[in-house]
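Taken in order, these protein sequences are the chains called A and B.
If you read the first sequence in my numbering, its first letter stands for residue 1, the second for the next number, and so on.
If you read the second sequence in my numbering, its first letter stands for residue 1, the second for the next number, and so on.
Just so you know, these hints were derived from the structure itself, not from any lab.
Where hints are given, some of them may not hold.
Said to hold, decoys possible - Sample of chain B residues facing chain A (criterion: CB under 10 Å; computed from the structure):
1. A12
2. L57
3. D139
4. A149
5. G155
6. A160
Where is the CB? At the ideal position from N, CA and C, for every residue including glycine.
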Amino acid sequence: MTPGKGGPVLEVRDLARCFGGRDGRDDALAVIEGLSLAVAEGEFVTVAGPSGSGKSTLLNMIAQIDRPSEGTIHLRGETILAPGKADLNPGWNCQIGYVTQEDNLLPWRRLLDNILLPLRAQRRLDADARTRVAALIETAGLTGFERYYPHELSGGMRKRASLVRTLAYDPPVILMDEPFGALDAQTRTELHADLLRLWSLKRKTIVFVTHDITEAIALGDRVLVLSRAPARVVDEYRVDLPRPRDVDHLIAEPAFARLYESIRQSLARQAPKARRA
Amino acid sequence: MRIVVYRAVILALILACWQGASLVFGAHWIPAPAAVMRAFWLQAASGELWYHARYTLAAAVIGFLIGGLPGALLPFLIRRLATLRAILDPYLIAGYGAPKVALTPLFILWFGIGLESKVALVASVVFFLVFFITLAGLDSVDQKLIAAARVFGAGPGLIAREIVWPSAIPYVLTGLRVAAPYAIGTAVVGELISSNRGLGYSIQAAATNFEPAKLFVGVVALALIVLVLNAVLDLLEKRLLSWRPTGGIAERAQTSF
């Protein structure tokens, strides 16, 4: 792995995660094995992999809501997670944000209350924070919907709210697990643009997991391709497309097409053996 | 509107069947609706109905509170104590399954034939119902919401207030809702077995004196009490669950027409 400018902010070394195999049984299923990656300050890394390749498991471990079987995770050189380490510390003291597949908004709280909840939890909800949140809500196009309950909003708006909720408390590293997976193509494209706009305001370090190649290229500085389970990083592509990117017109560029084809072939090699023969 | 009309039609049908049965089997066995309504009015006007009803209501409400409050609160206390839950589990299941009505003679022995024995009986029934439904609600809290909240720095207190409690409210209310008619019914059974007041006593006395109309008055009064109680709980639920997309059964049925 070649982290860009500066040392890596987030580093994963030889990570492994097995499921099952308890009670002395010998059928442990390795979902991840020998996975290493490093992410530089302010870098937007996308991780593409076949379904079932442990992408969510990887992010769950970085976010510390799951524990690795082997390997370590480091944040700015500090070991934040190792197999023998005591209790998990989800979010590592709010240093690592996590936007999950489901929006995980509280159904009984209005949009604004949902977005402010992390700040309230961290006792950082002051006038400044409110102003910042209002600006984020504006950028995400959610102004006017602050008093709505999640079920009264569209899927795209809920995603935006979930994104803004994490951006609002400003964690230096943000993990995203196919956050736009369940949306229609049009809404996805809009949200890609929104995400890039929000990201350009304050260059967060982002690890974005997806199975969509277009999305991986359109958003990322670098695309990592995972093998099928047990997953590790098999290929790495630098995305040299200029920013700010116009997601809508990106697809027409020759550089995009070349990159798309390389990544597609890389992923195809990860298809089950039977289909390759 | 449609629902009200259909409800009226069903009420008319019930009354018609009732009237028909009364004609076929004789008013001595099944008094006609009109006769029951007359008796109802007489008893209500003389204050006799309210005299008995308020006794039954007192037993039901006090027992409901004494059993319902710990039934709703205890699950919150033992929610995270897995070992204690495992230890208590068989006793709670046994307590839930044991027919509490069979304990009535014992309660009468301990508390006498007055209000206290009915209160104890009602509380013992209500407690287990509310307890188990609330516990099931706490177990069904969406763990993903909790994981997400922990990632953004929520402590146990905030998680309990913002996630666990709001997700459990519908279950607590369901528990109370299921328990409410049981509270009334159990109080009546207690009175049937041994009492000198209450609707159960009144029904028992009417049967002994062969006054079927009076007996029916007691049953109708109980049905009305349960309906009123349900309406009150409906209001409470609407207030507490105002965030929910749909309200009561009626609203949901209407949208599906």
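**Item:** Hints breached by this structure
**Value:** When the structure is compared with the hints, numbers 1, 2, 3, 6 turn out to be violated.
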